[in-house]
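Residue numbers (the numbering used here), protein chains in the order written: chain A, 221 to 334; chain B, 69 to 180.
Where hints are given, some of them may not hold.
To be verified - 27 Å max Cα-Cα, derived BS3-like pairs, lysine-lysine:
(1) A:321 - B:147
(2) B:163 - A:289
(3) A:278 - A:289
(4) A:269 - A:288
(5) A:321 - A:269
(6) A:289 - A:269
(7) A:321 - A:278
(8) A:288 - A:321
(9) A:288 - A:278
(10) B:163 - A:288
(11) B:147 - A:269
(12) A:289 - A:321
(13) B:163 - A:278
(14) B:147 - A:288
Unchecked claim - Just a sample of chain A residues kept apart from chain B, beta carbon distances all over 10 Å, derived:
(15) 227
(16) 234
(17) 262
(18) 269
(19) 281
(20) 288
(21) 307
(22) 332
Keep in mind the hints are simulated off the structure, nothing from the lab.
All values reported here derive from a predicted model rather than from experimental measurement.
Note that beta-carbon positions come from the ideal geometry of N, C-alpha and C, so glycine has one too.
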Amino acid sequence: AQSVTQLGSHVSVSEGALVLLRCNYSSSVPPYLFWYVQYPNQGLQLLLKYTTGATLVKGINGFEAEFKKSETSFHLTKPSAHMSDAAEYFCAVSEIQGAQKLVFGQGTRLTINP
Amino acid sequence: SQTIHQWPATLVQPVGSPLSLECTVEGTSNPNLYWYRQAAGRGLQLLFYSVGIGQISSEVPQNLSASRPQDRQFILSSKKLLLSDSGFYLCAWRKTGRGEAFFGQGTRLTVV
Numbered sequence: 221a222q223s224v225t226q227l228g229s230h231v232s233v234s235e236g237a238l239v240l241l242r243c244n245y246s247s248s249v250p251p252y253l254f255w256y257v258q259y260p261n262q263g264l265q266l267l268l269k270y271t272t273g274a275t276l277v278k279g280i281n282g283f284e285a286e287f288k289k290s291e292t293s294f295h296l297t298k299p300s301a302h303m304s305d306a307a308e309y310f311c312a313v314s315e316i317q318g319a320q321k322l323v324f325g326q327g328t329r330l331t332i333n334p
Numbered sequence: 069s070q071t072i073h074q075w076p077a078t079l080v081q082p083v084g085s086p087l088s089l090e091c092t093v094e095g096t097s098n099p100n101l102y103w104y105r106q107a108a109g110r111g112l113q114l115l116f117y118s119v120g121i122g123q124i125s126s127e128v129p130q131n132l133s134a135s136r137p138q139d140r141q142f143i144l145s146s147k148k149l150l151l152s153d154s155g156f157y158l159c160a161w162r163k164t165g166r167g168e169a170f171f172g173q174g175t176r177l178t179v180v
């Protein structure tokens, strides 16, 4: 069964600094990988996804993530943090075949310091 | 375009009362449907998912049940709520196993 581990429930960076949110997954078959963002009391919005092809994926708001099969990782980065990036971020995995489940990690709350 | 509706937005219910949360999707057919619960500091817990009418898969044995009476309708229910059922409930749909999921705005349930 697939699972996701997000390292660090809280990450704090200064405005303009690099953002790095870590995600490792476990899956017995090739996965589809997603990053979502959630603002307070709202649903989730897709930032980016990896299905096939290029392992470096670019998303909205300047975010990108790289699928590394050998490390079973899909870390999210942004070169320069903006105050509006403060939110909760979720990594998710879905298997290509089988049960069609979409499993999320525990989430990482990103705080941006002025 | 596709839209997902989830209601109510907030709900306060006494312990032992029943629960019914409804989610409907418009603009697509035969979607995969999901119910998640988000408790403080615990991420998104997958509760139920459905790949077709009447097909429900339960991820976590608990006080809740789900039904899919129509292709684009997904209902989360409980006969008797517990305090531990409090949380933020999110419904989501996606077209296929590789597609992104689209979320409703959520229901904040407080059991008192």
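Here is what the structure says about each hint:
1. A distance of roughly 26 Å separates the Cα atoms of residue 321 of chain A and residue 147 of chain B; the hinted pair therefore holds under the 27 Å criterion.
2. In summary, the hint linking residue 163 of chain B to residue 289 of chain A is supported, as the alpha carbons are separated by about 25 Å, within the 27 Å threshold.
3. Simply put, residue 278 of chain A and residue 289 of chain A have alpha-carbon atoms about 17 Å apart, close enough for the 27 Å limit, and the pair holds.
4. Taking the CA atoms of residue 269 of chain A and residue 288 of chain A, the gap is about 13 Å. The hint holds against a cut of 27 Å.
5. Taking the CA atoms of residue 321 of chain A and residue 269 of chain A, the gap is about 16 Å. The hint holds against a cut of 27 Å.
6. With a C-alpha separation of about 15 Å, the suggested pair residue 289 of chain A and residue 269 of chain A falls inside the 27 Å cut-off, and the hint holds.
7. For the hint linking residue 321 of chain A to residue 278 of chain A, the alpha-carbon distance of about 24 Å falls within 27 Å, and the restraint holds.
8. Under the criterion of a C-alpha separation no larger than 27 Å, the hint pairing residue 288 of chain A with residue 321 of chain A is consistent with the structure, at around 21 Å.
9. Between residue 288 of chain A and residue 278 of chain A the CA atoms are separated by roughly 15 Å; this keeps the pair inside 27 Å, and the hint holds.
10. Restraint check for residue 163 of chain B and residue 288 of chain A: satisfied, since their Cα atoms lie roughly 26 Å apart, inside the 27 Å limit.
11. For the proposed pair residue 147 of chain B and residue 269 of chain A, the alpha carbon gap of about 38 Å is over 27 Å, so the pair is violated.
12. Between residue 289 of chain A and residue 321 of chain A, the direct Cα distance comes to roughly 20 Å. Compliance with the 27 Å bound is thereby established for this hinted pair.
13. Distance restraint check for residue 163 of chain B and residue 278 of chain A: the Cα-Cα separation of roughly 22 Å lies within the 27 Å cut-off, and the hinted pair is therefore satisfied.
14. Under the criterion of a C-alpha separation no larger than 27 Å, the hint pairing residue 147 of chain B with residue 288 of chain A is inconsistent with the structure, at around 45 Å.
15. With a least CB separation of 13 Å from chain B, residue 227 of chain A remains clear of the 10 Å interface cut-off, as annotated.
16. Its beta-carbon lying about 24 Å from the closest one in chain B, residue 234 of chain A satisfies the requirement of being farther than 10 Å from that chain.
17. Consistency note on residue 262 of chain A: stated as away from chain B, yet its beta-carbon is not over 10 Å from all of that chain's, at 6 Å minimum.
18. Residue-level check failed: residue 269 of chain A sits 6 Å from the nearest beta carbon of chain B, not beyond 10 Å.
19. In this structure residue 281 of chain A is separated from chain B by more than 10 Å, as the shortest Cβ-Cβ distance comes to about 16 Å.
20. The Cβ of residue 288 of chain A lies farther than 10 Å from every Cβ of chain B, with a closest approach of about 19 Å, so its non-interface assignment holds.
21. Look at residue 307 of chain A: its CB is around 14 Å from the nearest CB on chain B, clear of 10 Å, so calling it non-interface holds up.
22. With a cut of 10 Å on Cβ distances, residue 332 of chain A stays outside the contact zone with chain B, its closest approach being about 20 Å.
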